[in-house]
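**Q** Modelling step: build the complete structure from the supplied sequences, incorporating the hints.
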Amino acid sequence: MSAQSRARSLLVAGLVLGGGLVGCGGDQSALDPESGQSRAIADLWWWMLIAATIVFLGAVGLLLLAWVRRGSEGFPFFGKSERVSVGLVLTFGIFIPIVSLIALFVVANLSVAEGTDAPEKGSTSMTVEVVARQWFWEVHYPGTGAVTANEIHIPARTRVNLVAKTDDVIHSFWVPRLNRKIDMIPGRTNRILLDADRPGRYRGQCAEFCGLQHAHMGFVVFADPPGRFRAWLAGQERDRRAPTTPERKRGERVFLDEACSGCHTIRGTSAAGRVGPDLTHVASRTTLAGNTIPNDGRYLRQWVLDPQHVKPGNKMPALDLSKAEARDLLDYLESLR
Amino acid sequence: MNGVTRSSEATSAIAAAYAERRRRAMPSGVWGVALLVATEAALFGTVLASYYYLRFDAARWPPAGIEPPDVALPLALTGALVLTSVPVLLATVAARRARVGSAWGLLLLALLAQAGYLAVQILLFKRDLGVFSPRDTAYGSIYFTLLGLHHLHVVVGLLLELGLLVKLLGGLTNYRVIGVRAVAIYWYFVNFMAVLVVLTQLSPSL
Amino acid sequence: MATVATPAAQRHLDRLERIWAEREGLTGWLTTTDHKRIGLLYLFASLAFFAAGGVEALLIRTQLLVPNAGVLSPDAYNEVFTMHGVTMVFLFVIPISIGAFGNYLVPLMIGARDMAFPRMNALSFWLFLGSGLFMYVGLFLGNGPDAGWFDYVPLASKQFTPSSGIDFYALGLIFNGVSTTAASINFIVTIFKLRAPGMSLNRMPLFCYAFLAVSFALVFALPPLTAALSFLELDRRLGFHFYDVASGGDPLLWQHLFWIFGHPEVYIIILPAFGIATSIIPTFVRRKMVAFPLVALAEILVAFIGFGVWAHHMFAVGLATITTIYFAAASLIIVIPSGIQLFAWITTIFTGTPRFKTPLLFILGFIVFFIMGGLTGIMFAAIPFDQQTTDTYFVVAHFHFVIFGAAVFPILGGFYYWFPKVTGRMYHEGVGKLSFWLTFAGTAVTFFPMHIVGLLGMPRRQYTYPPDLGWSFLNFLESIGSYVLGAGLVLIVANLAVSLLRGERVGNDPWGGDTLEWSATSPPPAYNYPVIPRVTSPYAMWDRDDRQADARRLERGELTLERGHETPASTVLDAEWDEILEMPSHSWMPVLLAAALAAVFTMLLLGHWVTAGAFSAVAALVLFGWHMQEPQEA
Chain A
0 MSAQSRARSL
10 LVAGLVLGGG
20 LVGCGGDQSA
30 LDPESGQSRA
40 IADLWWWMLI
50 AATIVFLGAV
60 GLLLLAWVRR
70 GSEGFPFFGK
80 SERVSVGLVL
90 TFGIFIPIVS
100 LIALFVVANL
110 SVAEGTDAPE
120 KGSTSMTVEV
130 VARQWFWEVH
140 YPGTGAVTAN
150 EIHIPARTRV
160 NLVAKTDDVI
170 HSFWVPRLNR
180 KIDMIPGRTN
190 RILLDADRPG
200 RYRGQCAEFC
210 GLQHAHMGFV
220 VFADPPGRFR
230 AWLAGQERDR
240 RAPTTPERKR
250 GERVFLDEAC
260 SGCHTIRGTS
270 AAGRVGPDLT
280 HVASRTTLAG
290 NTIPNDGRYL
300 RQWVLDPQHV
310 KPGNKMPALD
320 LSKAEARDLL
330 DYLESLR
Chain B
0 MNGVTRSSEA
10 TSAIAAAYAE
20 RRRRAMPSGV
30 WGVALLVATE
40 AALFGTVLAS
50 YYYLRFDAAR
60 WPPAGIEPPD
70 VALPLALTGA
80 LVLTSVPVLL
90 ATVAARRARV
100 GSAWGLLLLA
110 LLAQAGYLAV
120 QILLFKRDLG
130 VFSPRDTAYG
140 SIYFTLLGLH
150 HLHVVVGLLL
160 ELGLLVKLLG
170 GLTNYRVIGV
180 RAVAIYWYFV
190 NFMAVLVVLT
200 QLSPSL
Chain C
0 MATVATPAAQ
10 RHLDRLERIW
20 AEREGLTGWL
30 TTTDHKRIGL
40 LYLFASLAFF
50 AAGGVEALLI
60 RTQLLVPNAG
70 VLSPDAYNEV
80 FTMHGVTMVF
90 LFVIPISIGA
100 FGNYLVPLMI
110 GARDMAFPRM
120 NALSFWLFLG
130 SGLFMYVGLF
140 LGNGPDAGWF
150 DYVPLASKQF
160 TPSSGIDFYA
170 LGLIFNGVST
180 TAASINFIVT
190 IFKLRAPGMS
200 LNRMPLFCYA
210 FLAVSFALVF
220 ALPPLTAALS
230 FLELDRRLGF
240 HFYDVASGGD
250 PLLWQHLFWI
260 FGHPEVYIII
270 LPAFGIATSI
280 IPTFVRRKMV
290 AFPLVALAEI
300 LVAFIGFGVW
310 AHHMFAVGLA
320 TITTIYFAAA
330 SLIIVIPSGI
340 QLFAWITTIF
350 TGTPRFKTPL
360 LFILGFIVFF
370 IMGGLTGIMF
380 AAIPFDQQTT
390 DTYFVVAHFH
400 FVIFGAAVFP
410 ILGGFYYWFP
420 KVTGRMYHEG
430 VGKLSFWLTF
440 AGTAVTFFPM
450 HIVGLLGMPR
460 RQYTYPPDLG
470 WSFLNFLESI
480 GSYVLGAGLV
490 LIVANLAVSL
500 LRGERVGNDP
510 WGGDTLEWSA
520 TSPPPAYNYP
530 VIPRVTSPYA
540 MWDRDDRQAD
550 ARRLERGELT
560 LERGHETPAS
570 TVLDAEWDEI
580 LEMPSHSWMP
590 VLLAAALAAV
600 FTMLLLGHWV
610 TAGAFSAVAA
620 LVLFGWHMQE
630 PQEA
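Protein chains in written order, with numbering that gives the first Met the number 0: chain A, 0 to 336; chain B, 0 to 205; chain C, 0 to 633.
Derived from the structure by calculation, the hints contain no laboratory data.
Since the structure is predicted, the reported quantities are computational estimates derived from the model, not experimental observations.
Heads up, some of the hints might be wrong.
Covered by chain C, according to a simulated footprint, are these stretches of chain B (three or more residues, beta-carbon under 8 Å) [claimed, not checked]:
id, region
1, 11-22
2, 139-152
The calculated lysine-lysine pairs, modelled on DSSO-like cross-linking and capped at a C-alpha distance of 30 Å, are [unchecked claim]:
id, chain 1, residue 1, chain 2, residue 2
3, C, Lys356, C, Lys287
4, A, Lys248, A, Lys314
5, C, Lys356, B, Lys125
6, A, Lys322, A, Lys164
7, C, Lys287, C, Lys432
8, C, Lys157, A, Lys314
9, A, Lys120, A, Lys164
10, A, Lys248, A, Lys322
11, A, Lys79, C, Lys287
12, C, Lys157, A, Lys164
13, C, Lys432, C, Lys356
14, A, Lys79, C, Lys356
Just so it is clear, CB atoms sit at the ideal spot from N, CA and C, and this is done for glycine as well.
**A** In structure tokens, the structure reads:
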């Protein structure tokens with residue numbers, strides 16, 4: 000561990016309240032960067048924290064000293080000098096701030112910002128387009144037919160141009176460990192750079208209040224080794240796995256006959272709804288409902304049969320299915336890998 | 000204590016004129032309307048800025064299907080309105096010199112001219128509404144809102160003058176002289192804003 | 000100290016007493032135009048809203064005590080956090096600073112007998128009360144606004160929030176804005192025109208500089224909000240298209256307009272606190288303020304520069320790089336006047352001989368929290384860091400430190416400081432100190448961990464959070480902190496309430512204060528000063544010769560201005576005596592006009608346009624009736 004990071008760790012330990020902090024880690028922590036851009040921001044934070052702590056402790060120290068010296072007027076050594084008083088105000092109120100603020104400005108807004116701004120056209124290897132909707136993320140891979148939702152895969156160590164859009168209200172795309180947030184605004188197309196240092200799983204969340212279920216509008220970014228990414232993308236491009244068993248065939252019938260196909264798309268069937276996420280490969284995802292619940296049998300059943308219980312106010316209605324229909328439908332959905 | 004007037008005791012025209020002459024600073028009422036003008040100017044400034052913001056966002060302005068506005072009549076009307084500042088100014092001069100009758104007549108003249116202006120503007124407004132709607136485009140929304148805001152201020156100005164005319168029937172007092180000055184300042188502001196509003200309204204054609 | 004008046008003096012006091020007598024009972028309060036009574040009305044109304052906003056805060060913190068707490072449903076939560084913000088900003092901190100502290104103290108500090116426009120002063124109060132009730136009626140009908148206190152479109156548009164909560168918000172805030180604009184105009188004219196002869200601008204207390212600056216800022220900051228809200232209502236109710244992209248509008252227009260108001264608003268929130276701090280410090284450290292002219296200039300600069308930095312609330316929106324760089328640079332400039340004031344205060348405290356009574360403790364707490372909030376504010380001017388932490392709990396921490404820690408602590412200290420003046424009794428000092436420590440600790444424990452949880456990735460405005468991201472313990476701690484904070488605030492109120500009934504009686508000047516209000520009795524009589532004070536420095540109470548000269552004049556009946564409701568008007572810069580004004584007193588017009596306007600806004604809310612027009616005509620008639628009664632006829 001370098002001397003710098005050791006100093007930082009000490010500082011963190013020293014500044015943390017009551018030892019209850021779990022650490023700077025966490026799947027969505029800005030202090031656990033996994034890209035050059037997030038690391039630059041995190042480093043900026045630590046230096047600003049050091050400077051701020053010095054100023055804060057200095058000022059508090061002066062106040063404490065004022066308490067200690069409450070019986071005497073003026074300064075130690077200088078006595079009651081109005082000139083020294085005004086001089087102090089000018090030095091600490093004007094001159095020192097001007098110097099430090101210029102330094103901060105140059106470092107943060109001219110240097111670091113270069114990396115966190117939208118990537119230059121042509122400086123990236125691929126593009127992913129994310130369209131935010133209340134309350135999920137529609138993910139497209141331009142140039143392929145791949146469409147998925149709430150789970151983004153990118154190749155690790157690759158500069159990815161992430162295009163951020165929306166058709167409804169303002170949302171904000173935020174994966175703290177990979178980069179700063181970028182708002183998604185109707186009528187505008189914003190872009191941000193994703194460049195993961197290494198393969199891993201990074202949590203993201205909507206960061207602009209967008210209505211009832213803003214709290215549960217999460218997503219995951221997987222940075223994959225290039226080979227695994229290509230295989231994943233090829234899988235996502237394909238139409239759905241046609242159902243082979245009678246249960247699954249019945250399940251697909253249920254899907255097409257009920258309200259499901261009005262809101263969802265399953266490529267390879269007649270279902271082409273766009274209100275909810277594309278479900279062509281829903282079983283390949285690790286989470287459901289905008290990274291609210293894990294994607295396993297029990298949660299899938301709860302989500303499909305009683306969505307208002309999982310995410311109250313979301314747009315999916317509860318369906319009126321018989322036990323057999325429900326069983327077949329779930330079987331079918333679980334087969335859509 | 001010496002030489003300081005109890006200005007509210009000036010309940011005749013002569014006394015009021017005297018109080019006006021003795022006063023060195025702007026009276027509170029005039030300060031008050033000046034600040035009202037400042038805040039309303041900020042409101043107009045915001046709406047004007049919004050017009051230009053939406054305009055520079057747009058590819059075509061006005062959008063396809065809407066003709067750019069005619070220039071002649073609005074400009075002439077605005078010129079006429081600005082000219083009413085003259086009788087208003089003369090009315091304040093008269094009031095400060097205790098000439099109630101002249102002040103009253105000049106205010107009436109201004110009011111009639113301004114009411115005529117408003118009547119024509121309302122006709123033009125209705126005509127425009129028949130051609131394009133604020134409910135169809137942002138252009139329509141800001142166009143009619145900007146004009147409507149201005150016309151509302153004209154209505155308020157007319158009501159203020161009407162109120163003054165009624166009160167001046169009872170003669171001049173210190174309070175009413177300040178009232179005339181205040182309403183005059185309000186009108187100078189409305190007339191100034193009228194120029195900015197009409198130039199903005201007509202900007203696609205200029 | 001109170002002295003027994005001689006018979007000669009007593010005759011003048013009795014005469015003034017008769018002229019300025021307040022009417023009794025409910026009628027008296029409904030028709031009052033006395034700045035002190037209006038200040039008290041504002042005080043109690045804003046405290047009631049503070050309690051409401053506080054309950055909303057406690058509900059939020061209880062919902063976030065543990066993950067998936069189930070205390071509030073998502074829609075209830077969204078209404079609660081929206082109303083918390085709206086209440087605290089518009090119905091508590093501004094009205095209590097300007098309406099309560101400003102109204103009560105500014106005329107006293109400048110040696111005047113009332114505000115420049117006493118009836119409009121009353122109108123401001125009734126409009127404020129009306130606007131607050133208007134918005135809360137919406138909440139209680141189950142239709143509270145729920146799109147956040149800054150209400151971004153398109154979420155707040157009719158399409159995505161069809162319910163009328165947003166209309167309550169928009170119309171309620173326009174209504175509220177009329178109140179505040181009227182109050183601001185009143186303060187500017189009062190401070191310019193009604194200062195005691197001899198109180199040239201450079202001899203005006205720093206408290207008044209802060210209020211002058213804040214009033215000018217409001218005059219220019221409120222119109223953009225009014226425009227934004229009007230456009231929103233036109234879009235929602237009449238189908239206009241200011242903000243919708245499909246027809247050529249732009250959601251970012253809302254953001255620009257809102258923040259052109261919203262950023263100056265936060266300096267408006269803190270400036271009165273600066274004024275209170277600069278009143279309390281000299282008194283308790285027994286030393287004049289260091290660099291007085293610099294501090295006065297800094298107060299004005301803060302208000303001014305605040306207008307040029309609004310888009311730093313929009314760094315994540317995707318504006319052009321040159322735009323974001325300009326706004327970051329401008330935002331850094333504000334640090335300078337803030338730093339000047341901070342170091343002036345600290346140096347004054349250091350070089351004086353401080354008495355650490357409760358009011359000064361709250362100012363020390365204010366300084367600590369202001370530095371903390373100011374430092375994180377500086378961090379936000381680092382654009383990439385802002386883009387990482389905006390819309391997270393890090394920014395929630397920042398603004399609560401500056402809005403609560405820095406703007407409210409001086410208000411709490413001010414309660415203690417001026418309590419003896421307003422009530423004639425002293426509060427309990429021991430309980431006062433305890434209430435400070437509880438409130439200070441509660442504030443620190445509630446808001447400091449929010450920095451950390453924000454950096455750990457917790458966005459704001461979410462009604463619950465997952466248990467596996469390391470946020471749970473910190474949220475739990477913050478919620479406990481909020482209960483401690485609540486207890487501290489309750490203790491303050493309890494201390495003052497009990498002391499009101501049983502506190503030790505005090506005279507005019509228990510603290511050795513530096514400004515004029517300490518020369519009046521406690522509480523001051525309706526006419527404030529029997530003799531118009533002559534002023535030769537900003538520390539009028541510390542000029543013993545001048546105050547003794549006042550007493551001699553009372554004996555001789557000079558400068559008592561007792562022919563009616565009289566107060567002097569002076570020139571703006573040098574305060575040379577210009578004329579004697581007769582002030583209006585009791586009137587029904589303010590409360591009637593406020594009622595008429597409330598009816599207008601209610602009809603607009605309900606969509607009864609013609610009826611709204613009819614009530615506007617009624618309002619115009621009331622306004623005409625108002626001007627029928629000229630001051631000399633009062």
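**Q** So, for every hint listed, does it hold in this structure?
**A** The hints, checked one at a time:
Only residues whose C-beta sits within less than 8 Å of a C-beta in chain C count toward coverage, and the region 11-22 of chain B has 3 of them, enough to reach three; the restraint holds. With a cut-off of 8 Å between beta carbons, the region 139-152 of chain B has 4 residues touching chain C; three or more are needed, and the interface restraint holds. A C-alpha spacing of about 18 Å is found between C:Lys356 and C:Lys287, which places the hinted pair at or below 30 Å, so the restraint holds. At roughly 26 Å between alpha-carbon atoms, A:Lys248 and A:Lys314 fall within 30 Å of each other, so this suggested pair holds.
About 67 Å separates the Cα atoms of C:Lys356 and B:Lys125, which puts this hinted pair outside 30 Å; it is violated. At most 30 Å may separate the alpha-carbon atoms for a hinted pair to count; A:Lys322 and A:Lys164 exceed this at roughly 40 Å. Taking the CA atoms of C:Lys287 and C:Lys432, the gap is about 25 Å. The hint holds against a cut of 30 Å. Proximity of C:Lys157 to A:Lys314 is assessed by CA-CA distance (about 17 Å); at most 30 Å being required, the pair is judged to hold.
Using a Cα cut-off of 30 Å, the hinted pair A:Lys120 and A:Lys164 holds, with the two alpha carbons roughly 17 Å apart. Pair hint A:Lys248 plus A:Lys322 holds up; C-alpha atoms about 16 Å apart against a cutoff of 30 Å. A distance of roughly 12 Å separates the Cα atoms of A:Lys79 and C:Lys287; the hinted pair therefore holds under the 30 Å criterion. In summary, the hint linking C:Lys157 to A:Lys164 is supported, as the alpha carbons are separated by about 21 Å, within the 30 Å threshold.
Distance check on the hinted pair: C:Lys432 and C:Lys356 sit about 7 Å apart at the alpha-carbon level, within 30 Å; holds. Taken as a hint, the A:Lys79 and C:Lys356 pair is honoured in the structure, with Cα atoms around 23 Å apart against an allowance of 30 Å.
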